[in-house]
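S.K.: One-letter residues, chain by chain:
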Amino acid sequence: MARNVPPESQLPRSTHRYPSMLKMNAAQDSGEPLLELRGASKSYGDTVALAPVDLEVRVGETLALIGESGSGKSTLIRLFNRLVEPTSGDVMLGGRPSSSLDAVELRRHIGYVQQDGGLLPHWTVRRNVELVPELLGWDLARRHERSRELLDIVGLEASTYASRYPLELSGGQRQRVAFARALAGDPDLVLLDEPFGALDAITRADLHDQFMALKQRFGKTTILVTHDLAEAFKLADRIGVLKSGRLLQIGTRTELAEQPSDPYVERLLTHISPQRPC
Amino acid sequence: MYKSAVILVLWLSAFPIVGADVVVGSKNFAENRLLAEMYAQLIEDRLGLEVDRQLGLAGTEFCFEALKNGAIHIYPEYTGTGLVTILGHEPGGTPVAALTTVRREFLDRWNLWWLGPMGFENAYEIAVPRALAVEHGLTTISDLVRVAPQMRAGFGSEFVERDDGLPGLERVYGLRFASVQTLLEAPKYQAAGSGSVDVLDVYTTDGRLLTYDLVVLEDDRDFFPPYQAAPLVNGDLLESHPAVGSTLALLADALDEEAMRALNLRLQRDKDRVEVVATDALTQLGLLAGREPASMTTITSDGPREREGFLAYLFAERSNLLRLTGQHLGLVGLAVFAGVLTSLPLAFWLATRASGLAEFTIRGVGMTQTIPSLALLGFLIPLLGVGAPPALFALWVYSVFPILRGAYSGLRDADPRAVEAAEALGMTSRQVLYRVRLPLAASPIMAGLRTAAVITVGTATLAAFIGGGGLGEPIIAGVQLVDTYRILSGAIPAALLALVVDFVLGRVEQRLRPRGIGS
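Protein chains in written order, with our numbering: chain A, 1 to 278; chain B, 1001 to 1519.
For reference, chain A alone in the conformation it holds in the complex (with noise of 0.2 Å):
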């Protein structure tokens, strides 16, 4: 399978290193990809959801998975944090199989982010920002600087915002809230299932700009699905193209632009104007 990775030197990194649950740190120094998958796949009984996929994510990279609804990409996602459990093949975190780790504990290491929010709806803001913070044991005065810092970074003013109710917030709030979230317990890796699809446009645009400056600034490892090209070829490092369950090709946006390996993706592209800013 093609693959292009950035050269280290170009990814950001992380400026505190916490305990790293897979290991990142010896992957970063070694060059190893941070997440593998090795022939993984998913069957519900007889109805394939994802065919055998070999994929390769390296630290700091941004990863966009697109396809339309039904393609895969959501449960594709969900191997990483053990959501979902491979059929078949092995998903490799961090260089060991993921079922060899504590699936609890794992998901304490992974950000996530679903469309509209997952916020718990009965918890204030504050309450769901230190969600895993909470988890990870940390004491209650170096949590509350957490979410503070948090929540000033993704633009929400603690003071204002921290013990309002996730119903008291307008939809792209939520969604701050919700990255400010995944972002709290310093984690290896950010799974970010199609976070802007409920928003409207210009909302869409502010948390595009937002996630750009949260991308500079920490350097997580992220995977985003989404299905939407042009907010892919924005965010995404490379992009990976499925449909029905399959992955059909992964790739730099020129990669992609100048070889599409698949009638598919050659289709897809014709609805980008390749004028857009990158």
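Everything labelled a hint here was simulated from the structure, so no lab data went into it.
Hints may be right or wrong, so weigh each one.
As the list claims (entries may be wrong) - With the Cβ distance kept under 8 Å, some of the chain B side facing chain A (calculated, not the full set):
| no. | residue |
| --- | --- |
| 1 | G1116 |
| 2 | G1119 |
| 3 | R1417 |
| 4 | E1420 |
| 5 | A1421 |
| 6 | E1423 |
| 7 | A1424 |
| 8 | L1425 |
| 9 | M1427 |
| 10 | V1436 |
| 11 | P1439 |
| 12 | L1440 |
| 13 | P1444 |
| 14 | P1514 |
| 15 | R1515 |
| 16 | I1517 |
Said to hold, decoys possible - Cβ pair distances, simulated, as ranges:
| no. | chain 1 | residue 1 | chain 2 | residue 2 | range |
| --- | --- | --- | --- | --- | --- |
| 17 | B | L1341 | A | R96 | 37 to 47 Å |
| 18 | B | I1517 | A | D152 | 51 to 61 Å |
| 19 | B | P1372 | A | E105 | 47 to 57 Å |
| 20 | A | R148 | B | T1368 | 46 to 56 Å |
| 21 | A | R148 | B | I1371 | 55 to 65 Å |
| 22 | B | I1371 | A | E105 | 22 to 32 Å |
| 23 | A | E105 | B | Y1434 | 15 to 25 Å |
| 24 | A | S159 | B | L1341 | 39 to 49 Å |
In this text, a Cβ means the ideal position worked out from N, Cα and C, and glycines have one as well.
Please arrange chain B on chain A, whose structure you already have, making use of the hints.
M.R.: Just chain B, lined up with the frame of chain A:
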């Protein structure tokens, strides 16, 4: 917690003290209650024993089962009922033969003693309104056979089932009616009075024979067995308290049919209280120590009296009603509390299992709702006796389903996105259950609880059928005695209680609903 302990103690104290020396029971009709009350007062007065009353148990079956397993020690029974209903013999025979048979067999089989008959028979008889009797020239049951196919019958539920009732009557006389309705005692007489029923079963001593101007048809084929009333006593009691036997023997031959009918009339027409009528009767019989014996003739009723208004009635009954309301609330509270303790853990457990198992379990539990409550209470007597325990058990059984259903659906259907996020961010399944699903399910859980509580307030009125107390007591007694005030004095507080319970639990639900969740 302290508060609820106090409430529990207060409530328990509303029940008769467990371990009274003697427990007297009765069936749920006026005469039987009166006789039982007379036994109780006589034993209290003569022997100074502590007597507990379980009056108004729902029928022969309930009383007999309770007597056999010692939940009650004494109740007034009729020899014919013992012979035919309990022993299953053919109806017929002389009074002495009937008494001898039941005495021997009850003693051999269950160590139950028939004491001396009280002097009157309260047999089943067939009656028709006087106008109808005149019109068709009816004097015997054989006369009735001709015209029966055009007549509508109204019979008590026991009479319809018992072999010494309608089935035997049809067999011996060949009676066939146009229709047979099963009615409670009081409505049966009312129906005859208003002309919507042409034929009814009556008791010889029923005072309403006079008030509704009914003609008793002669049993010309001697079908109905003799029904001498006598105290039926558990042998263990006679062993531990032999004096009870000799004391109740004082009532042997003390009342004839006429005297009994007059006493019944005081209950049925004048709405006098059972305790008062019992005291009067015992005093006039010269059986209460230290009271002037009165002449037997004054037992007769003075005729209907003007009654005070409903509010005055409520006021007069206030302490009794308050006690009954306390009992009622106690029954409901304890049963629903037990229901919560059962249903919530079960719902939690099911919420973490495959949905197939959960549906299967909940359907199974739902079946309990289809058990008729009287049947359930009947089953429980051999196991739990009479009084509060079987009532609590039955109410608990009925409360489980609504709570379980609400809690399970609430936990299962809790906002799936929030649940997925909680899982994806590393909550254990336990944490997801307790910190996400449970708070999000607060409303449906409370809704199920409210439903259960309100239903239980209603169902708890049936507790009175097995001596469980509560507001059903005046309702059931009132229906038997056609005493509207008495019915309402139980029904209105019960209805108010349902409203209050619903309101209070609604407030609790608001308090429990987590902030951030819309209503």
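S.K.: Next step is simple, just say for each hint if it's right about the structure.
M.R.: Verification of the supplied hints:
Interface restraint check: G1116(B) against chain A, minimum CB-CB distance 72 Å, threshold 8 Å, status violated. Checking G1119(B) against chain A by beta carbon gives a least distance of about 73 Å; that is not within 8 Å, so the hint is violated. A hinted interface residue such as R1417(B) counts as satisfied when its beta carbon comes closer than 8 Å to some beta carbon of chain A; here the least separation is about 4 Å, so the hint holds. For E1420(B), the interface hint holds, since its Cβ comes within 8 Å of a Cβ in chain A; the closest pair sits about 6 Å apart.
Hint status for A1421(B): holds, given a least beta-carbon distance of 3 Å to chain A, under 8 Å. Using the Cβ-Cβ criterion of 8 Å, the hint placing E1423(B) at the interface with chain A is satisfied: the shortest such distance is roughly 7 Å. For A1424(B), the interface hint holds, since its Cβ comes within 8 Å of a Cβ in chain A; the closest pair sits about 4 Å apart. A least Cβ separation of about 5 Å between L1425(B) and chain A falls short of the 8 Å threshold, and the interface hint therefore holds.
Interface restraint check: M1427(B) against chain A, minimum CB-CB distance 7 Å, threshold 8 Å, status holds. A cut of 8 Å between beta carbons decides the hint on V1436(B): the least distance to chain A is about 6 Å, and the hint holds. Taken as an interface hint, P1439(B) checks out: its beta carbon lies about 5 Å from the nearest beta carbon of chain A, inside 8 Å. With 8 Å as the threshold, the beta carbon of L1440(B) comes within range of chain A, its nearest partner Cβ sitting at about 6 Å, so the hint holds.
With a least beta-carbon distance of about 14 Å to chain A, the hint placing P1444(B) at the interface is violated under the 8 Å criterion. The restraint placing P1514(B) at the interface with chain A holds, with a minimum CB-CB distance near 3 Å, inside the 8 Å limit. A hinted interface residue such as R1515(B) counts as satisfied when its beta carbon comes closer than 8 Å to some beta carbon of chain A; here the least separation is about 6 Å, so the hint holds. The interface hint given for I1517(B) holds, since its Cβ lies 5 Å from the closest Cβ of chain A, which is under the 8 Å cut-off.
One distance hint, 37 to 47 Å for the beta-carbon pair L1341(B) and R96(A), holds here, with the actual separation near 45 Å. In this structure the supplied range 51 to 61 Å is violated for I1517(B) paired with D152(A), their Cβ-Cβ distance being about 27 Å. A hinted range of 47 to 57 Å holds for the C-beta pair P1372(B) and E105(A), which are about 54 Å apart. Checked against the hint of 46 to 56 Å, the pair R148(A) and T1368(B) passes, with Cβ atoms roughly 54 Å apart.
Range check, R148(A) to I1371(B): about 59 Å between beta-carbon atoms, so the 55 to 65 Å window is met. Separated by about 49 Å at the C-beta atoms, I1371(B) and E105(A) break the suggested range of 22 to 32 Å. Separated by about 19 Å at the C-beta atoms, E105(A) and Y1434(B) satisfy the suggested range of 15 to 25 Å. In this structure the supplied range 39 to 49 Å holds for S159(A) paired with L1341(B), their Cβ-Cβ distance being about 44 Å.
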